[in-house]
Amino acid sequence: MATENLQIETILKITELLRKYYNGENLSSLCFPENSSPEISDLLHVITEILEKIEIYSNYIESISSGNLSAPLPKSKLKIYNALMNLESTLNHLTWKTKKIASGDLNQRIEFLGEFSQAFNRMTEQLKISFETIQQQQEELKKRELQTEKDLKLAKAIQKNFLNDYVEIPELKTHVIYKPVIHVGGDIYSFIKFKDRGLLGIFIGDVNGHGIHAALVTGILKATINSAGVLKKDPAKLLHYINNRIIELGLDIFFTAFYGVIDTGNLTFTFSRGGHNLPFLLRNSEEPVALACEGPLLGVNRDIFIEKKDIKLKPGDRILFYTDGVTECINDKGETFENTKFMEVLKEIPDANIKDFLSHILKSLIDFRKGDTFNDDICLIGLKVL
Amino acid sequence: MFKEERKNSIFSWNMIGDISSGRPNLGNDVGVDIYRLMQYTIRDALISEFGVEATDKIFFNAGFIAGSEFYKNKISCNGDFAFLFDILEKVLIEHKIGILRVETLDEENMSAVITIAEDLDCSGLPVCDEVICTFDEGFLSGILYSHTKINFTVKETDCWCTGDRVCRFVISKA
Numbered sequence: 001m002a003t004e005n006l007q008i009e010t011i012l013k014i015t016e017l018l019r020k021y022y023n024g025e026n027l028s029s030l031c032f033p034e035n036s037s038p039e040i041s042d043l044l045h046v047i048t049e050i051l052e053k054i055e056i057y058s059n060y061i062e063s064i065s066s067g068n069l070s071a072p073l074p075k076s077k078l079k080i081y082n083a084l085m086n087l088e089s090t091l092n093h094l095t096w097k098t099k100k101i102a103s104g105d106l107n108q109r110i111e112f113l114g115e116f117s118q119a120f121n122r123m124t125e126q127l128k129i130s131f132e133t134i135q136q137q138q139e140e141l142k143k144r145e146l147q148t149e150k151d152l153k154l155a156k157a158i159q160k161n162f163l164n165d166y167v168e169i170p171e172l173k174t175h176v177i178y179k180p181v182i183h184v185g186g187d188i189y190s191f192i193k194f195k196d197r198g199l200l201g202i203f204i205g206d207v208n209g210h211g212i213h214a215a216l217v218t219g220i221l222k223a224t225i226n227s228a229g230v231l232k233k234d235p236a237k238l239l240h241y242i243n244n245r246i247i248e249l250g251l252d253i254f255f256t257a258f259y260g261v262i263d264t265g266n267l268t269f270t271f272s273r274g275g276h277n278l279p280f281l282l283r284n285s286e287e288p289v290a291l292a293c294e295g296p297l298l299g300v301n302r303d304i305f306i307e308k309k310d311i312k313l314k315p316g317d318r319i320l321f322y323t324d325g326v327t328e329c330i331n332d333k334g335e336t337f338e339n340t341k342f343m344e345v346l347k348e349i350p351d352a353n354i355k356d357f358l359s360h361i362l363k364s365l366i367d368f369r370k371g372d373t374f375n376d377d378i379c380l381i382g383l384k385v386l
Numbered sequence: 387m388f389k390e391e392r393k394n395s396i397f398s399w400n401m402i403g404d405i406s407s408g409r410p411n412l413g414n415d416v417g418v419d420i421y422r423l424m425q426y427t428i429r430d431a432l433i434s435e436f437g438v439e440a441t442d443k444i445f446f447n448a449g450f451i452a453g454s455e456f457y458k459n460k461i462s463c464n465g466d467f468a469f470l471f472d473i474l475e476k477v478l479i480e481h482k483i484g485i486l487r488v489e490t491l492d493e494e495n496m497s498a499v500i501t502i503a504e505d506l507d508c509s510g511l512p513v514c515d516e517v518i519c520t521f522d523e524g525f526l527s528g529i530l531y532s533h534t535k536i537n538f539t540v541k542e543t544d545c546w547c548t549g550d551r552v553c554r555f556v557i558s559k560a
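These protein sequences, in sequence, are chains A and B.
Going by our numbering, the first residue of the first sequence is number 1, and it counts up by one from there.
Going by our numbering, the first residue of the second sequence is number 387, and it counts up by one from there.
FYI, nobody ran anything at the bench for these hints, they're computed from the structure.
All residues carry an ideal CB built from backbone N, CA and C; glycine is no exception.
Keep in mind that the hints are not guaranteed to be accurate.
[What the hints assert, rightly or not] Derived lysine-lysine pairs resembling DSS-like cross-links, with alpha carbons at most 25 angstroms apart:
id, chain 1, residue 1, chain 2, residue 2
1, B, 482, A, 97
2, A, 75, B, 541
3, A, 100, B, 476
4, A, 195, A, 179
[Unchecked claim] Okay, the calculated bits of chain A under chain B, using three or more residues with CB under 8 angstroms as the criterion:
id, stretch
5, 73-83
6, 226-240
This is chain A alone, in the form it adopts within the complex (with noise of 0.2 angstroms):
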């Protein structure tokens, strides 16, 4: 009798046990009872070996969860290792897929697991369309490209074309670098002959943007240029005309501009300016002058004021005008060539002839930008009184 009792108390013991591990309790913490009959030993031998696996296949369970797919699966014939070797093999097999996804290969699928493989099949058709449409895309993208090249380089010929007007009169000599930030660009100069003689007009102007549209606005300013007959010889005027034609044609484009005549008979040059940047007077090993003059922004406002100056102009006196593409030319450092170099360059080489003199600008520009490819458009134009 005593010894079914204490039977019946280990075994009351054990059921205790078991509902506090059944209740989140681990199994290191709990005591099974000792020295007990061989029935009951063997029992609790059986009870400890489940509950033994069953915390080897929880610790599993978390490596896998937390992305430890060669966590080691212990054997068993527990049913838990069947459906833990399913889970196993399946993750694998879905990182092995998503693994060919991320390589490009979207023709994967997932097979049997249900709503899983649907939205995974999903998921992949969905990439698939939209590589092929973006594929398709970037096809018509480079044919669009291939196209805008081929109407560039006829742009190229054409704006070519129309701002050769390179002329040159006896008493000075004048040269060009025209550099366009791509084939063709938005600076625009003009040398302008008059019939009477030793009379030289030049033109420079910036319009904004680079490109077909640039070139198409430089085309009109050259026409408008053109049509302008007398007005051609006061520079106030010829920028007024400008900027009412433009204001009138509603293109919606703005430009800089400056504009001076040159008498070579009596050694004067008479200036306006359209919000354009300064030209330079040098003077032997002078400082350089800015030539400035009051005028605004054209091609936006109709009613402005454009000031008309003229300066007095000595044999060996150089003329340097320039856009914007020079001064804001921009170094690895961010460094503007106006900030650093630009005085500094003018000053250089007072006696080399004007092609020498603007090459050796181009090259400073060239070193500054450590390479011959600029952010904007580049014009320079250099005279030099005889």
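Go by the hints and put chain B onto chain A.
Below, chain B alone, put in the same frame as chain A:
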């Protein structure tokens, strides 16, 4: 044709015959239990006659021939090592042989770990601590050889019969 003495395989696909004309009413399908009835009775008779080791070898060799012929007639594709498994995955489902899942694959070393779930030969067999898919090992080796002209070792490491629910095969160059 079928009963000639031979030292090397003379099997060809036409030995299977024209099933559509031969079975106009019953068609191409037969139960997996009937397929297994044949396989396991043949295995039984072979073991009785030649022993386990020799029977395993015969099953492997038969699997290799089957794999080679299956490749020639049902797969035959161009593509790298990984691509073969993409195709194989589809074809094995199409022919209801099993659900192949690649777990890992090393294209450079031409090695892989794959599992086959719902395997035609063994899924649902009683658990007995024996890896049983010797025919499958030969079958996969035959397919791999036919595609690459390289000999592969295909070893079943986990099997339904060992309580693993899926059969896992480790594949590497021989």
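Numbers of unmet hints, in rising order: 4 and 6
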